Amino acid sequence: MSHLHIPDGVLPGWIILAGWIFTALILAFSLYRVRSTELKRKIPLIGIISALMIVCMTIPIIPPVYHINLSVIAGIILGPALAFISIFIVDLIIAMFGHGGITVVGLNTVVVGAEAFIGFYLFQLFMALMGRDSIMWSSGLAAVISLILSTSLLIGVVYLSQINPELVIAVEEDHSTEDTQEHNIQEIPKELVKGINIKSFAKTILILLGVGWIIEGIITAFVIKYVSRVRPDLILSEET
Amino acid sequence: MDVAIIDYYANHGKSFLHKAKAFWKIIFAALIIASIIITNEFYLLLGIYIALVTIATWTKLSVTKILTIAAYPAIFALIFAIASWNGSWLRAGVIMLKALSAALTMVILIVTTPYPDVFNAIRPAVPKIIAEGLFVTYRSVFILLELTDDLIKGLKVRGGITRRKYISNVKNFSSGIGLLIVRGFDYSEKFYGVMNVRGYGGKISSGKTQNGIGRNDVIALIIGILIFAVSLGTVIEKSLLEFSIYALVCSVIALVISSIYVQFNS
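Chains as they are written, first to last, in my numbering: chain X, 79 to 318; chain P, 924 to 1189.
Note that these hints are calculated values from the structure, not bench results.
Among these hints, one or two may not hold up.
[Stated by the list, open to error] Chain P residues, not near chain X, derived (Cβ > 12 Å throughout):
id: 1; residue: T1028
id: 2; residue: S1097
id: 3; residue: F1114
id: 4; residue: N1188
[Claimed, not checked] Beta-carbon label-pair distances, calculated as ranges:
id: 5; chain 1: X; residue 1: R113; chain 2: P; residue 2: K1076; range: 15 to 21 Å
id: 6; chain 1: X; residue 1: V308; chain 2: P; residue 2: Y1089; range: 46 to 52 Å
id: 7; chain 1: X; residue 1: V289; chain 2: P; residue 2: T991; range: 23 to 29 Å
Keep in mind that this is a model prediction, so the values were computed, not measured.
For every residue, glycine included, the Cβ atom is placed at its ideal position computed from N, Cα and C.
Chain X on its own, in the form it takes in the complex (with noise of 0.2 Å):
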């Protein structure tokens, strides 16, 4: 368990809808940008990847509920484009289970898809800083990186949900005249923030999961290293 999934019910309708529009939006520039590989053929391997990423769910690191996920894994084999349709088939399917909300898969894709999109951007760069033999270090490295950056993200995406947009706009409004949108951009009214403490929310996750992104990065350090040797064309294919 190395990100949170968020369950149904627990945030409001407007933040789950964003978290739809942009997930169709993402998923539409990923079919964009792999429109000239033959994906019939990808098809395959992207099922398999999300089928992997399935199974590893069931096998608990740390009972119950600590897993491995393997999105970075999944944007270092497949590429962002192909790891993030990968990884909206995988919440789908994990929604089903009762694992994640259904409501919010698409949020859930959002933060997990950010794991496979910065993950494989920061394992190409550290590659290119510390060279092929480092494989295992930017890979480990890559991992811990992103699955903070994605944790934020959530946190982000939890603090944005207890502002209530409608008020939010109301204020803006009443103040328009004058002429202080900017400092009403800068301090939302308090009574505007409610419900999830979010200071608490951010404490308890990042003790939570911090272990789990350790788990995680010395995992994915010791697959990408174990695949570079079996099949280092898996690792170091054509992007997509």
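We have chain X; now place chain P onto it with these hints.
Only chain P this time, still in chain X's reference frame:
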């Protein structure tokens, strides 16, 4: 996640929900999830949860197993509940019940409907690559589950996973995952080759979608509409919230009667 058990339940159950068509069951699930999302009253949510447990008894499957599978999001919901703690147990209960009820709804859908039927029903709403990806993923999960099972057994038997040798365990386990990726990739190449020989052109045939509405579909739909109507009623007319305790009592009575009936008829 008990993927194999869920698949077994979906394909071998004989309840009215198993006989209902996937499309109508998805509507049924959507109505219940909508009612869970719009409801913020503890007793009404508890009533919905108990009503879902009642529906789970009607599936004639192991209710304990279904509830265990659907209890997974409780851990995530607990984190949100702790973060939202304002001294009110009811507020924490609402967060927990929302997550548990939505998960139970999805689990009831999936233990009574084979995955290919669900994918077929949602096929028109998703891009082709995702629809195809869903089918291939589903097929691959079972092959990989078997490989993983063999792998873990092999690691244990050959001393690859032993007590107190954490670094060595992680290294061996990771190599095992790496092996699964390599074997999975080879499998995907073979799979593509076999599909090509069979005339694969980018679309996996998944059988015909059954049209029309039957008796079992109507029953599922009525249950969904009834639960949604109660929730919507309390949202529109707040004074109806006073009666939510009656909804809870009705759910409990339905659960007791259903449990006794199923017990005597099994």
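Against the structure, the hints:
no., hint, verdict
1, T1028, "8 Å, violated"
2, S1097, "3 Å, violated"
3, F1114, "5 Å, violated"
4, N1188, "27 Å, holds"
5, X/R113 with P/K1076: 15 to 21 Å, "43 Å, violated"
6, X/V308 with P/Y1089: 46 to 52 Å, "24 Å, violated"
7, X/V289 with P/T991: 23 to 29 Å, "25 Å, holds"
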